[in-house]
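Let's have the full structure, built from the sequences with the hints guiding it.
So the protein sequences, as listed, match chains R and D. Per this note's numbering: the first sequence ends with 349, consecutive numbering throughout. Per this note's numbering: the second sequence ends with 618, consecutive numbering throughout.
Honestly, the hints are just simulated from the structure, not real lab data. Yeah, the Cβ is synthetic: ideal placement off N, Cα and C, and Gly gets one too. Incorrect hints may appear among the rest.
Claimed, not checked - Ranges of calculated distance between the beta carbons of each label pair, as one might list FRET restraints:
id	chain 1	residue 1	chain 2	residue 2	range
1	D	T412	R	E321	36 to 46 Å
2	D	Y556	R	E187	25 to 35 Å
3	D	I422	R	E199	29 to 39 Å
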Amino acid sequence: MKRIVSILLCLTFLFSFAACGKSAEKELVIYTWAGMFPDEVIDNFEKETGITVIYQNFDTDENMLMTLETTKGSDYDLVIADDYIIEQVISEGLAQKLDKTKISNYENINPTFMGQFYDKDDAYTVPYGAGIMQIAYNPDKVNVDIKGYKDLFDKSLEGRVGVVGNNRVVTGLILKMLGYSMNTENENEIREAGTKLKELAPNINLIKDEYLNEDLLAGTIDVALVYQSQATLTATDEKGSNFKFVMPEEGLGFGVMGMFVPSNAKNSDAAHKFIDYILDGEVGASCFSWMGYCSTNSAADKYIDDSLKSFLTLPENLNTENAEIVQNISADAADVHEEIWNEFVKSCN
Amino acid sequence: MKSRMKSDFKKVLPLYLFTAFFVIIPIAYAFFLSFMTRTNTFSVEYVFTLDNYKELLKPIYLTTFWDSFKLAIVVTTINIVVGYPAGLFMAKLPERQRKFFFAALTFPFWINSIVRIASIIILLRTYTTILYSYFAVVITMVYALMPFMIYSVYSAGVKLDRSALEAARMLGASEIRAFLDITLPLTAKGLLSGVTLTFVPSMCLIYISNLLGGGKFILAGNLIENQLIKTHNTPLAAAISVVLMMLTGLVILICNRLEPVARRRRRAK
Numbered sequence: 001m002k003r004i005v006s007i008l009l010c011l012t013f014l015f016s017f018a019a020c021g022k023s024a025e026k027e028l029v030i031y032t033w034a035g036m037f038p039d040e041v042i043d044n045f046e047k048e049t050g051i052t053v054i055y056q057n058f059d060t061d062e063n064m065l066m067t068l069e070t071t072k073g074s075d076y077d078l079v080i081a082d083d084y085i086i087e088q089v090i091s092e093g094l095a096q097k098l099d100k101t102k103i104s105n106y107e108n109i110n111p112t113f114m115g116q117f118y119d120k121d122d123a124y125t126v127p128y129g130a131g132i133m134q135i136a137y138n139p140d141k142v143n144v145d146i147k148g149y150k151d152l153f154d155k156s157l158e159g160r161v162g163v164v165g166n167n168r169v170v171t172g173l174i175l176k177m178l179g180y181s182m183n184t185e186n187e188n189e190i191r192e193a194g195t196k197l198k199e200l201a202p203n204i205n206l207i208k209d210e211y212l213n214e215d216l217l218a219g220t221i222d223v224a225l226v227y228q229s230q231a232t233l234t235a236t237d238e239k240g241s242n243f244k245f246v247m248p249e250e251g252l253g254f255g256v257m258g259m260f261v262p263s264n265a266k267n268s269d270a271a272h273k274f275i276d277y278i279l280d281g282e283v284g285a286s287c288f289s290w291m292g293y294c295s296t297n298s299a300a301d302k303y304i305d306d307s308l309k310s311f312l313t314l315p316e317n318l319n320t321e322n323a324e325i326v327q328n329i330s331a332d333a334a335d336v337h338e339e340i341w342n343e344f345v346k347s348c349n
Numbered sequence: 350m351k352s353r354m355k356s357d358f359k360k361v362l363p364l365y366l367f368t369a370f371f372v373i374i375p376i377a378y379a380f381f382l383s384f385m386t387r388t389n390t391f392s393v394e395y396v397f398t399l400d401n402y403k404e405l406l407k408p409i410y411l412t413t414f415w416d417s418f419k420l421a422i423v424v425t426t427i428n429i430v431v432g433y434p435a436g437l438f439m440a441k442l443p444e445r446q447r448k449f450f451f452a453a454l455t456f457p458f459w460i461n462s463i464v465r466i467a468s469i470i471i472l473l474r475t476y477t478t479i480l481y482s483y484f485a486v487v488i489t490m491v492y493a494l495m496p497f498m499i500y501s502v503y504s505a506g507v508k509l510d511r512s513a514l515e516a517a518r519m520l521g522a523s524e525i526r527a528f529l530d531i532t533l534p535l536t537a538k539g540l541l542s543g544v545t546l547t548f549v550p551s552m553c554l555i556y557i558s559n560l561l562g563g564g565k566f567i568l569a570g571n572l573i574e575n576q577l578i579k580t581h582n583t584p585l586a587a588a589i590s591v592v593l594m595m596l597t598g599l600v601i602l603i604c605n606r607l608e609p610v611a612r613r614r615r616r617a618k
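What follows is the structure, given as C-alpha cells:
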C-alpha cells in the first residue's frame, strides 16, 4: 500500500513538472536584485503582452553567477546584474547575443553607457541604470566645504564619516585620489592606497553597503561616500532636503547595470519584448525614478520629474575621462586588496 | 535479537544519513579544500599545498582570531554572571511562576532575530549614542545568547536535590559553603553546556557585529564571508573554517573536562 502511495506521489510530481513546461511560452523569468522595477511597470507589461512575469531575486552578483553556472544558462530568461560580473558571464559563454531587430527602441540607449569594457561591441547587453559614487553631507553639521575625497580626511570629521562596504570601490577611489587607476594590479600602488586609507580610519564611524542614507538622515553620521541610489534616497527624504551632494573632483567611480539573456533561456522572445518595453522613454523614466539610479536611456530623461532630474541624469559638464568602473583584477591583486581592507577595518575601531 | 537490532538500525538510518550528508561530508570537504591551491581565475586546483595555513599566520588573521576570542570571552563572562543566578532563581520558583518566566523568555524567539536586532538598532540610535561601538556589539550579543545560558542552568537547577541543600544547612554549612559544595557541582553540567552554547556562537555571530558595530569589527566569521564572497578564495576560507572548528572543539573539550572536576570536588568532601 505504502509503495503505491509513493509511486502515485512520484507521478504527481512528474506531471506537475510537465505542466510547468507547457505554460513556459507565456512566462518570462527575470532574475535580478529585489526592487528593480515598480509594480505598475510589470503589471502593464503583463497586460500588454499577455506574458506572465516571474520575478526571482539574488542578493549578490556572485550568487547570480554561481546559479547561472549550475543551470548552464537556462531557467532564467532575463538577468540584470553589475558590469564586472557580466564580463565574466559573457566570457563563460552564459549569455546569448541580442537580436536587435526585435528591439525597436534600441536607439534610445544613451551612448555614454555603450561600448563599455564588459561588452565592447554591445552584442549581449542593454544598460539598465548607472550609478556614480558621490559624497553626501549635512552642511548644518559639517564645517568643511567638501569638494573631493581629500576633504573626508579633515580632522574635524572625526567619527562622523560613513563609507559603503565595498572594498574595491572605496580603495579604488583612494587610488584615484593618488592618481592611479582603480583597477591597477601593481601591488605597490595598492599598498600605498592602503596606507592612505588607514589615515581615514579615525574619521570612520560606519562601513555598510546598504541604506547608508538612513544613518545620514538619522544623524549617526554626517558625511558619507554613497552609491547613487542612496544619494537619491537621501535627497528625496524630507529631512535630507538641505543635504549637499558632491561629485568628487579627483575622479569618479561609477558602475553600470546591464540586462542580458542567458545562453539557454527558454523564452528569449519574451525577454527581447521586455527589453524593448523597458527602453520606452516613459516606462524607463518611471523605472529610474523608482530605483534612484542614473538614467541610461536618453528618451527617458525628459520624462523624469524635475525634482529628481539632477540625480537621475548625467550632469552636462561631467568629465567622463576621469571616471572609471571597477573591473575584475588578478587574484593576487584581489588578495592584496582584501588584506589592506581588513587592516583598514581593524584600525577603525 | 538480531532482527531487533536490524529494525533499530532501520529506525535510526535517516539520522545517520542526515549526519553523513549535512555534517560529515561538508566538514570533510572543507578539510580537503583547505589543502588545495587557488588558481588565478578564482577556481580551485587540486594540488596539495600548506599555503592556506601559512597565510593564516599573518598578523591580520592572528589578531582577528584573538579579537573574536576576546569578544567571546567577554560575552560569555557576562552571560555567566547574569544568566547563572537567573537560571537558578527560576528553578527555585513555584511551578506557576516558573512557567511564567519560561514563557517570558521564549516569547521573543517567536520574532525573527534579524527583526529583533533591527529594533535594537532603532532603540540605540534614538535613545543613546552607543550605536556602532564595541559596547553595542557586546550588549546585543549578550542579549541574543542569554536565553541559552538561562535555559541550561535552569534545567540543571530544576533537577537539583533540595533536601541535600537543606541537610547541609542544618549541619551547619554556611550559605556560601553549601553553594560551593552542593549547588555548584550539581549544576556544573548545565553551566558548562550554557558556556558552550554561548561561547561558540559568539565567535561567529557576524550579523550582530556587522549591524551593531557599523562594519568596523571583524570576527573570524567575517574573514570566511569575505574570502568566499568578495575574494573568491575558497581554499583559504576553508582553512579559516577548519581552524575555527578546532578552536571551538577545544573549548567544548575543555568544558567536558571541567565537568567531572567539579563533581569530584563534591565527592572528596
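A quick look at each hint next to the structure:
Separated by about 41 Å at the C-beta atoms, D:T412 and R:E321 satisfy the suggested range of 36 to 46 Å. Distance hint for D:Y556 and R:E187: a CB-CB separation of about 33 Å, consistent with the stated range 25 to 35 Å. Between D:I422 and R:E199 the CB atoms are about 32 Å apart, so this pair conforms to the stated range of 29 to 39 Å.
The structure is consistent with each of the numbered hints, conforming to all of them.
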